[in-house]
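Protein chains: 2
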Amino acid sequence: MQLTSIWRIVGVMKHALNQKPNYEKELRKAGVRITRPRRIIIDILTSTEDHPDAMKIFHRAIEIDDSISLSTVYRTMNLLEEMGAIHRHAFNGGPSRFEQAHGEHHDHLIDIDTGAVVEFKSDKIEKLQEEIAKSLGYDIVHHRLELYGRKTRHSS
Amino acid sequence: MQLTSIWRIVGVMKHALNQKPNYEKELRKAGVRITRPRRIIIDILTSTEDHPDAMKIFHRAIEIDDSISLSTVYRTMNLLEEMGAIHRHAFNGGPSRFEQAHGEHHDHLIDIDTGAVVEFKSDKIEKLQEEIAKSLGYDIVHHRLELYGRKTRHSS
DNA sequence: TTACCAGTTGAGAATCTTTGCAACTGACGT
DNA sequence: ACGTCAGTTGCAAAGATTCTCAACTGGTAA
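Here the protein sequences line up with chains A and B, keeping their order.
To convert a position in the first sequence, counted from 1, into our numbering, add 8.
To convert a position in the second sequence, counted from 1, into our numbering, add 8.
Please note that a few of the clues may not be correct.
Intra- or inter-copy, both count: the list cannot distinguish identical chains.
Below, a list of computed lysine-lysine pairs in the DSS-like style, where the Cα atoms sit at most 25 angstroms apart [unchecked claim]:
no.: 1; residue 1: K159; residue 2: K135
no.: 2; residue 1: K159; residue 2: K142
no.: 3; residue 1: K132; residue 2: K159
no.: 4; residue 1: K142; residue 2: K129
no.: 5; residue 1: K142; residue 2: K132
Think of the hints as simulated: they come from the structure by calculation, not from any bench.
Turn these sequences into a full structure, and let the hints guide you.
Pasting the structure below:
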């Protein structure tokens, strides 16, 4: 898998660095209260490699503290998404699934046949986005870029 | 509002041209059956300027044919979204709202304070997307780019 | 360490969206 | 025109997500 200067596969870095960002500190700095349910949910998200949906997160959470409610899971997912700490994916009508943002922003390429997600990042695209927003009179707070594709068929 | 070569505001074109794309023909060509409910829903979408949610579309639809069901509205919205004929927007937890794609693909800048949507298109960004997908071994089927921003504050 | 209070939670109701299935209907060939 | 059948539909039920509100609890300041 080759890397060029305009983008790189963040998934690679993720495993290479293998260190959890300190979300607690970050969130606190942003004025978010760190409660017991939130700490547990964040722990679950930072220590998994898959893309669980709300119900799955809920089940893992009540194993640690069975007083946590599903509402809180949903509320926390929305909060973390707004804070940019996690990303949400939705495949053909199914429930939303989440993954941590690994501290760094990145975009997604979704395989429409398998649902597999490849993470990548392009500074060039981000720069163009800034340009566009500026000329429309806006400052970008965050963005979402999802490419939906299918594996290239080589001469069959 | 100035236009440059890298992007243009599609919303402007929309009003300037003011002509409905012939979705029926397009969809038929793509192998989609044009049923009575679908025709009605498409008519509603192509003749409105706002961004109605499923319930609103449903109510407008049953005024024309009261046998149409809400499920069909939802199913049709999903179908049209997959076909690229409409776009879906979701603001802070509320129900999804839809708008026709005006035949041409375009991206969105969403004002996080007001929910206002500005449509734009950048060929440069699309080209970069193609490049990235190709080097990851994929062909892009469609994509979604949403910028979330806030009006730039000028020297106050 | 304590009291305070705005922000958060749990529980369940409400809302939004998808699904299963039997009945129905476009599109196509005759 | 007519029959056929895969694709659609309406309905009801299930599933997913948000909301309401009284009770609770982090963070802050005395």
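### Query
Which numbered hints are broken by the structure, listed smallest first?
The structure conflicts with no hint, since it agrees with every one listed earlier.
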